[in-house]
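> Next come the chains, spelled out residue by residue.
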Amino acid sequence: QKEVEQDPGPLSVPEGAIVSLNCTYSNSAFQYFMWYRQYSRKGPELLMYTYSSGNKEDGRFTAQVDKSSKYISLFIRDSQPSDSATYLCAMSANAGGTSYGKLTFGQGTILTVHP
Amino acid sequence: DAGVTQSPTHLIKTRGQHVTLRCSPISGHKSVSWYQQVLGQGPQFIFQYYEKEERGRGNFPDRFSARQFPNYSSELNVNALLLGDSALYLCASSGEAGDTQYFGPGTRLTVL
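Going down the list, the protein sequences come from chains A and B. Numbering (the working numbering) for the first sequence: 1 to 115. Numbering (the working numbering) for the second sequence: 1 to 112.
The hints are simulated quantities; they were obtained by calculation from the structure and are not laboratory data. Where hints are given, some of them may not hold.
To be verified - If we take Cβ atoms under 10 Å as the criterion, some of the chain B residues that face chain A in the derived model are:
hint	residue
1	PHE45
2	ARG55
3	ALA87
4	LEU90
5	GLY106
We put the beta carbon where it would ideally sit given N, CA and C, even for glycine.
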């Protein structure tokens, strides 16, 4: 069993739809949770970074973490064709910088938003 | 400010050869990590370096090695290349405690 499970999709939605992306995990030591967006053949771009349980909102994006259920979500409101990309969840037991901050990623969900 | 930079962008090698990939972190960042991303999968952790010391190593064979220089740039070396080493190699840097990791554009390695 993988430490982090993510439905690879693909997910196809019409422009303006609300998108829900999810990951489950098994390692209870994970405390830091991230969502990255990756366009084809590019490096991952950080979208959201949260610590422990709770919600965080940034523009059209909302990240939710439920540590009791070992479940994290990313919601995209008013989705746009430019949101079409692969979305990766990632998590770690420690923060980066001076700490050992190995990230464990999900497989990634391919999202297409069509006009 | 410039983000994480990596070179080269693309690389084609044959089996058995050796390759060196390079990474420059965001200015002020002292920690560099390397990840391998095979097509259709999420990135897999290879190494983390902080202040030129190895902080962590993923489940990769000894053919993979890395080092960090005094200016915090880093090299990833892979010896005796196999077809299965074909992947996007990503470098990420992070700042002080509590910071997350910011990724570069990657180096796409193809082994023939």
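> Quick check on the hint: GLY106(B) CB to chain A CB, less than 10 Å?
holds, 5 Å
> Interface hint check: LEU90(B), Cβ to nearest Cβ on chain A, cutoff 10 Å. Holds or violated?
Hint on LEU90(B): holds, closest Cβ of chain A at ~6 Å, below 10 Å.
> Let's test the interface hint: is any C-beta of chain A closer than 10 Å to that of ALA87(B)?
violated, 12 Å
> Go through the hint on PHE45(B) and say holds or violated, using the shortest Cβ distance to chain A against 10 Å.
Constraint on PHE45(B) satisfied, holds at 5 Å.
> At a threshold of 10 Å, is the proposed contact between ARG55(B) and chain A supported by beta-carbon distances?
Nearest chain A Cβ about 5 Å off; hint holds.
In the structure shown, a violation is registered for the earlier hint numbered 3 alone.
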